[in-house]
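S.K.: Each chain, written out:
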Amino acid sequence: MFEVVSNEILAENLHKMVLSAPRVALARKPGQFVMIRLAKGEERIPLTISDADPAAGTITLFIQAIGASTRRIVDTKVGDSIRDVAGPLGKETHIIKWGRVACVGGGVGTAVLFPLVKALAEAGNQVTTIIGGRSTPQIILSDELSQFSDTFLVATEDGSLGTKGFVTGPLGELLADPERVPQAVFAVGPVPMMRAVAEMTRKQGIETIVSLNPIMIDGTGMCGGCRVKIGTETKFACVDGPEFDAHLVDFAGLSDRLTSYRKEEAVCQTANDCKIGRGVGK
Amino acid sequence: MSNTLSAKERLAIGRAAMPELKGDERSRNFEEVNLGLGADLALSEARRCLQCKNRACVAGCPVGVSIPEFIDALACGDLPRSAQILRGDNALPAVCGRVCPQESQCEALCVRGIKGEAVAIGYLERYVADWAMNHPDQLLREKAPKVSGKSVVVVGCGPAGLTAAGELARLGHAVTIFEALHDTGGVLRYGIPEFRLPKEIIDREVALLSELGVTIECNIIIGKTLTVAQLRDEFDAVFIANGAGLPTMMNIPGENLKGVYAANEFLTRVNLMEAGRREDSSTPIIKRREVAVIGGGNTAMDCVRTARRLGAERAMIVYRRGELEMPARAEEIKHAKEEGVEFVMLTAPTAILGTEDGWVSGLNCQKMELGAPDQSGRRKPQAIAGSDFELPAGVVINAVGTGANPLLTATAPEIALNKWGNIVIDAEAATSIPGVFAGGDIVRGGATVILAMGDGKSAAAAIDGYLKKK
Chain A
450 MFEVVSNEIL AENLHKMVLS APRVALARKP GQFVMIRLAK GEERIPLTIS DADPAAGTIT
510 LFIQAIGAST RRIVDTKVGD SIRDVAGPLG KETHIIKWGR VACVGGGVGT AVLFPLVKAL
570 AEAGNQVTTI IGGRSTPQII LSDELSQFSD TFLVATEDGS LGTKGFVTGP LGELLADPER
630 VPQAVFAVGP VPMMRAVAEM TRKQGIETIV SLNPIMIDGT GMCGGCRVKI GTETKFACVD
690 GPEFDAHLVD FAGLSDRLTS YRKEEAVCQT ANDCKIGRGV GK
Chain B
3 MSNTLSAKER LAIGRAAMPE LKGDERSRNF EEVNLGLGAD LALSEARRCL QCKNRACVAG
63 CPVGVSIPEF IDALACGDLP RSAQILRGDN ALPAVCGRVC PQESQCEALC VRGIKGEAVA
123 IGYLERYVAD WAMNHPDQLL REKAPKVSGK SVVVVGCGPA GLTAAGELAR LGHAVTIFEA
183 LHDTGGVLRY GIPEFRLPKE IIDREVALLS ELGVTIECNI IIGKTLTVAQ LRDEFDAVFI
243 ANGAGLPTMM NIPGENLKGV YAANEFLTRV NLMEAGRRED SSTPIIKRRE VAVIGGGNTA
303 MDCVRTARRL GAERAMIVYR RGELEMPARA EEIKHAKEEG VEFVMLTAPT AILGTEDGWV
363 SGLNCQKMEL GAPDQSGRRK PQAIAGSDFE LPAGVVINAV GTGANPLLTA TAPEIALNKW
423 GNIVIDAEAA TSIPGVFAGG DIVRGGATVI LAMGDGKSAA AAIDGYLKKK
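Note that the protein sequences, when read in sequence, are chains A and B. Numbers in the working numbering are just positions in the first sequence, counted from 1, shifted up by 449. Numbers in the working numbering are just positions in the second sequence, counted from 1, shifted up by 2.
Extracted from the complex, chain B is given alone in its bound form (with noise of 0.2 Å):
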């Protein structure tokens, strides 16, 4: 199959819409909302790509995927060749194709989105990586790379250590990852909700990589059960990306009654421990009726949409900003709204209220409105005088925000951190000590899965400089 339309025909041709599960169906399951483009539709969405000389998705991309190239060999109907050039440029795109914000990146620079629709890149990918799971005994063998001779140590197994694993695998080094948990893939199994990532995914995206060569042991912790020195003494470089840690408290009254959850607990009761999706999980979670999650980022949409699964009946995003400020993808928000989620804007709370016996009762809000922008370029709340209100909900989650890590820094005075505690990289990602390098949330704080792995494959580049130079 050749891929030679006439740029007529591809523009005729219109975005293809993701299958998904309907909003009152899915709402009180855990299934997987997007379906993925059946053949058909992923070839004519791949069609629809100009194929433009100067790939301004491209730029688009935290880890620089060669957009044109495999979509051009899906629209030839070649999929080795396709799955090919993208997992050479992507260690993770099965995840990548559901999880990134496709719309603010590769999608936002593409030349058809300027007078209509961008090509669905996202869907795009996700088709090829879910093929390339599916068909193992048809991807093209990878050259086995030569074999360097050097061995580095990733610490932490979610996206940013997956793909610095990956890369460093690839680029012939021996790898070993140390996860503190005792499952693989860091927030992407303990973060992101089955619904949004299913778990098989990373699994299979894991086994890939070990079949690389690269080797992973749970139950780890650096800081504690290995220290950073021990690291440096036995491997030849070191990657930190072990991630976000402690949740930022609300500093306001009633954060610690009954019933009131940081996000990373509510979704990891859920997700890694599996509370309330299996009958027999013995990991317990709070359920009530009302259910309100404070916060606009894809973490406060992960736990609201939780929260309506496990069966509350009114889940309410509570968000100081308006929903055109909201830090969240789009694709969550509108999923999010089909599934019955309210949104409270402009609503800030004040105290979390509580009952007699510590249950939490709900919340004390203000009404806001936007004024001048702030730093961030976005408009900056303030309260309207006298418009407290009161909001019931039996359970409150913070979804406002992370910390640092701190197990592995406190034991690590010799690392350079930020007054967050954030470690400082330079521009080639390495830290105040020669031969051990970070990226992900545990350099940026809270930020996303794509930009974490951006950081793991140029952290891996620079690690494969070092290594050349020892």
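Same shape as in the complex, but just chain A (with noise of 0.2 Å):
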């Protein structure tokens, strides 16, 4: 059992939970995830570690709810208990001194975006963090990243923050200029956002990492639901990931794949949102 320590409200549907769980909390590293189960009959869901204190051996969660399982998280009240949390999981993040990085998150995907934003400022980079919504109240974190970013920017579809229109924005004006131009992008987001990045950045051949949410079950290496195609080899995004070269990513595999239950999910309300709630949350 996982003892909540304490759950926030950071914004609406987005809680910040802090979870008792100190082995996680000693061998966490950036970029990786644990498996929750709030009770028995309830789903395995991948998480990512946002943050974590290994002396007071906590982990921090950004745990966006919106899908039914997500909401039963998140309503679980301090003191009380998750019953299941394996990890970390997944491999750390490759974090070196690139010198100028650029960050962009969208969606869910922000809350993916913070621990790397956080490690690659700590490792001495110049950070651009770039996030986007459909309207300002899906604008997340924006108080934790720009904490640790040099630049920080906003696009919304509606223009109600920031520029109007998608990130590829702010990124394409990024890229333009010489000045700024960084040597590596790291991405989290939908998987259109996630590709459009990835081809906007290959014609400079930037590197670029995004992290990767397939379908996923166990997240032990063992039942290969989370298998994407990276080039021309099949990698398991739970072991091999889940971050990959954007530009060996097989984008249309991985979004195809990340329907198969919509029918199942029609009682939620959008696609995007439950993709959270199927093993698809980090």
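No lab work stands behind these hints: they were computed from the structure. The structure presented is a predicted model; accordingly, all values stated were derived computationally and were not measured. Idealized CB from N, CA, C, for every residue including glycine. Treat each hint with caution, since some may be false.
[To be verified] Straight-line Cα separation of at most 30 Å, DSS-like style, residue types lysine-lysine; simulated pairs:
1) K421(B) to K684(A)
2) K117(B) to K55(B)
3) K369(B) to K339(B)
4) K678(A) to K421(B)
5) K201(B) to K489(A)
[What the hints assert, rightly or not] Beta-carbon label-pair distances, calculated as ranges:
6) R629(A) to D428(B): 56 to 62 Å
7) E281(B) to G548(A): 51 to 57 Å
8) E457(A) to A429(B): 53 to 59 Å
Could you use the hints to bring the two separately framed chains together as a complex?
M.R.: Quick look at the structure:
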């Protein structure tokens, strides 16, 4: 059992939960995730570990509650427990000092981006963070991210905050500016966003890393549900990832497999929202 | 009651048939198929045993159960003693009595099988084990072992790990099992379906181990949460039994289409996560009218019979050799047939076909014929030119095999592996690191429950020897 130490609402449907998980806290590296199962009968959900405090024995998770399962997780009260927390899983992010890096986040992916931004800043990189969403309420973790970013940019589709349009707008300007062009780009968000970022950086040959969110069941290198095509090879996101070279990822295949349970998810609001509830909530 | 029948009287008794649920009834539910022998049948079956002096059957048992002895106690009506003998040799008798391939192990060597039918050792094992579970108050108390003061950590709570843990606890060592998943049993729980091995049986076997003092902690992934190096610091010996890993891909086109499952994913969804078995399970599973399972082993049978229960009207086994060459147990094949499973033999898929929107629509197959025997001794299938045909299927399950789990070994490069990533051990189950032992599928690749248990048992003896010298 893993006690909920704190549970804060940061924005609509966005919770910051701190769990007591001493062993995970000690072993955790940026980029890794945990598999969470709230109670018996609930599904196993992969969630990125956003931060950890080894001394306190806690891990921090940013959870966007838009699927039925994540809704029940964030409804857990302080002092109550989550039955299963297993990890840290996946490979750690390869963090080096590139010099200038750009971190691009969209929707739920913004929560996954946070530990990367923090680790990249701590490694001495000059970080430009660009996050996007439909409208102001979907822009999450602004304070947390800007704290570790040299430049912090926002794009909303309705123009209610920052630039009007997609994250690709500000990113395009960055890539076109010889003074500011990054040596590496990290992108986490909906598949079309990651795909668009990959296409933009491919032309300039800028190293680009994406964190993938395929369907996952056990997360421990056993079931094979999280397979993705990387170049000509089949890789498993839980053991080989979740981060991959964006220029090798078969985004069309990934995107298609994510719709496998759309019929079962019809009760949820939108297919994209539901991804979080189907083992893809990292 | 005594067991003093003459050989002639014993020979006159016919082999008991296992009572089972009817095929058409059970093919729509997850109830256990084999119902178990009743007391009268068990007694008469036990009396069929000739009590041979040379105990051929024991040699066929990977864990060396004292078969004639437990059967004799049963025939004498002394169930507490029978249970004591059985449990003393086998940490998981209620599991083995259900899933062991007795017909190719103990029963294959039974003298009665030479001229007739072997004693139904598996049925009797199950009978005694189930009796023991239901009569805890009548069991003979085990003498508490002398505490050794040594600690052993077991990585993985599957058949190899549970067996080793039981053996080591009986030898007085303090045993901790670390399990990566959220529940115990390993492949017994996520792999073997409810209708073959009810989860309750695993719970009860595990509870008996806990009574012996074995500590089990779930959600700990060695290689991730803790490393082998940390385990070596904390414990006097380590037994690695973390099982099989990722599925072997078939490397044919279409493997990433929607509706293509690896056997482990399909079975884990249904068995561990209860998808399709419980109305309120929050883990989904894709159900289709036509399901094709590729492979001929027990895992393939488990998948196809599960698919049938999930509502498939046409549940098919697609196998490149013939029925005789199938590695699956005879009982599984028989049960599958009774449940309406279709066997598409001598057929190799060459591609998985899909619809425009990325869903599986079927298999492109080639007919095969059997040629000369290959290295495995089985006749090698060869494609018949021009024999391509299409087999419609809305779900395709790859049950051709699994590789080694990479999580532990990736963070312990000092452990020697073979070219497939399996851990290399010596005759004493020792790995290349002192004090670290291994067994089960992480050593063998995909094998059976009982072979993993045999590994657990012999590793426990080796670990005990190591700890005594230490």
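S.K.: K201(B) and K489(A): Cα distance at most 30 Å?
M.R.: Given that 30 Å is the threshold and the Cα spacing comes to 14 Å, the pair holds.
S.K.: Should the hint that E281(B) and G548(A) are 51 to 57 Å apart at their CB atoms be regarded as holding?
M.R.: At roughly 55 Å between Cβ atoms, G548(A) and E281(B) fall inside 51 to 57 Å, so the hint holds.
S.K.: Go ahead and decide if the range 53 to 59 Å is satisfied by the Cβ distance of E457(A) to A429(B).
M.R.: 57 Å Cβ-Cβ, so the 53 to 59 Å window holds.
S.K.: Just to be careful, I want the Cα atoms of K369(B) and K339(B) compared with a cutoff of 30 Å; is the pair within it?
M.R.: holds (21 Å)
S.K.: For K421(B) and K684(A), compute the direct alpha-carbon distance and say whether it is at most 30 Å.
M.R.: holds (19 Å)
S.K.: Do the Cβ positions of R629(A) and D428(B) conform to the proposed distance bound of 56 to 62 Å?
M.R.: Given range 56 to 62 Å: holds, Cβ gap about 59 Å.
S.K.: With a cut-off of 30 Å on the C-alpha distance, tell me whether K678(A) and K421(B) pass.
M.R.: holds (23 Å)
S.K.: Given the hinted pair K117(B) and K55(B), is their alpha-carbon gap at most 30 Å?
M.R.: Cα-Cα ~18 Å, so holds.
Against the hints set out earlier in the document, no violation occurs for any number.
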